[in-house]
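What follows is the residue order along each chain.
Protein chains: 2
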Amino acid sequence: MRNFAWTIRKSSYILKDRWITVRADSCEMPSGQTIEPFYVLEYPAWVNVVALTADDDVILVRQYRHGLQETILGLPSGTVEPEDASPLAAAKRELREETGYASDSFMESGRLSANPATHTNLTYCYVATDVQPITVPRMDDTEPIELVVMPLQAVFEQAVSGKLPQSLHVGSLFLALVALDRLHLT
Amino acid sequence: MRNFAWTIRKSSYILKDRWITVRADSCEMPSGQTIEPFYVLEYPAWVNVVALTADDDVILVRQYRHGLQETILGLPSGTVEPEDASPLAAAKRELREETGYASDSFMESGRLSANPATHTNLTYCYVATDVQPITVPRMDDTEPIELVVMPLQAVFEQAVSGKLPQSLHVGSLFLALVALDRLHLT
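From first to last, the protein sequence lines are chains A and B. Note that my numbering has the first sequence beginning at 1, numbered continuously upward. Note that my numbering has the second sequence beginning at 1001, numbered continuously upward.
If we strip away everything but chain A, and leave its shape as in the complex, we get (with noise of 0.2 Å):
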């Protein structure tokens, strides 16, 4: 395998805000030669839940997202806060916020980068089984939340057809069912 890596030579903050945080890398190629500026976008690590209940339906949101200017379905998700013990609790915590539900049964599907060529961190993919709603979802004015209940072959076929279209969703879709064994590659 061929050594592809930059070395990093300079470094410096160009946007720092609330929810986007842009550094700008000056890099020397394996080759010699230099890449001035190439920016890097500085996020937290994010995780989403696939969430079963018992009777096969997957417990999803529709939210307005501002980058598409669509208001879409996806997976409960979030940014894994400083107060949160590992990307495991801040998943629990962002399904018990979106949507009232809680499970013990949790297990890590996979990890995934949103894109590796820009994004520094990874978000961890989660696979709920046997929830159950508990308490009623947050409400949040900045970030109002619709819960949609789904049975898991409609949510596939949504993925499917585009209604999904978070890539990190429908992958973290993917690597879920792969975990419960129930998709097969014929």
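Derived by calculation from the structure, the hints in this document are not laboratory data. It cannot be assumed that every hint is accurate.
[Stated by the list, open to error] Derived lysine-lysine pairs resembling BS3-like cross-links, with alpha carbons at most 30 Å apart: (1) Lys1010(B) x Lys16(A); (2) Lys1010(B) x Lys10(A); (3) Lys1163(B) x Lys163(A); (4) Lys1016(B) x Lys10(A).
[As the list claims (entries may be wrong)] From the structure, some residues in chain B lie toward chain A, with a derived Cβ separation under 10 Å: (5) Asp1017; (6) Cys1027; (7) Ser1031; (8) Thr1071; (9) Ala1085; (10) Pro1087; (11) Ala1089; (12) Met1107; (13) Ala1117; (14) Asn1121; (15) Leu1152; (16) Pro1165; (17) Leu1177.
We treat Cβ as the ideally placed atom computed from N, Cα and C, and that holds for glycine.
Dock chain B against chain A, hints included.
Structure of chain B alone, referenced to chain A:
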């Protein structure tokens, strides 16, 4: 369905460079509350290709990705350039340039977003069958690429075990296998 959409009241560009465009929006939510600034990342459409040979091998590339600072496996992929007649044309071009492979059998398997909250663009996912080597991959010093030809079953296992971490690629692999009727939910 409740209306969650934000209205953009003001918009300006914070950063425009070769590989990044950051726009700052001042937005009004349905509740009347203002969010500002909300940063979005403007990109042109992206494409990727699950390219299968007649022998069920997948054509992959190994590249350094500076966000994660790792050299990783991925699908042939890229940006729809102004000179591309369509996303399909861009996908054919990227496959040929990055790997030297081509095919007459391309099918769109779906469209995904790297992150609908921040990214304005979609990624057009394609599956190409009966691909064959027809030329020498382009040598690009700023983006050295290693060609990897791998049986589909092994690629599936790589995706499941985190060795194909780009969510747009895992999502595209999932969509391709469903489109080819090779993946079944039980």
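The hints, checked one at a time:
1. Lys1010(B) x Lys16(A): The hint holds at about 20 Å.
2. Lys1010(B) x Lys10(A): violated, 34 Å
3. Lys1163(B) x Lys163(A): holds, 26 Å
4. Lys1016(B) x Lys10(A): Status holds; Cα separation ~20 Å.
5. Asp1017: The hint holds - Asp1017(B) has a Cβ within 10 Å of chain A, the shortest such distance being about 7 Å.
6. Cys1027: Since the shortest Cβ distance to chain A is 7 Å, the answer is holds.
7. Ser1031: holds, 6 Å
8. Thr1071: holds, 5 Å
9. Ala1085: Violated: closest Cβ of chain A sits about 22 Å from Ala1085(B), beyond 10 Å.
10. Pro1087: Nearest chain A Cβ about 14 Å off; hint violated.
11. Ala1089: The hint is violated - Ala1089(B) has no Cβ within 10 Å of chain A, the shortest such distance being about 21 Å.
12. Met1107: violated, 13 Å
13. Ala1117: Check passed: Cβ of Ala1117(B) comes within 5 Å of chain A, closer than 10 Å.
14. Asn1121: holds, 8 Å
15. Leu1152: holds, 7 Å
16. Pro1165: holds, 5 Å
17. Leu1177: holds, 7 Å
Violated hints for the displayed structure, listed by number in ascending order: 2, 9, 10, 11 and 12.
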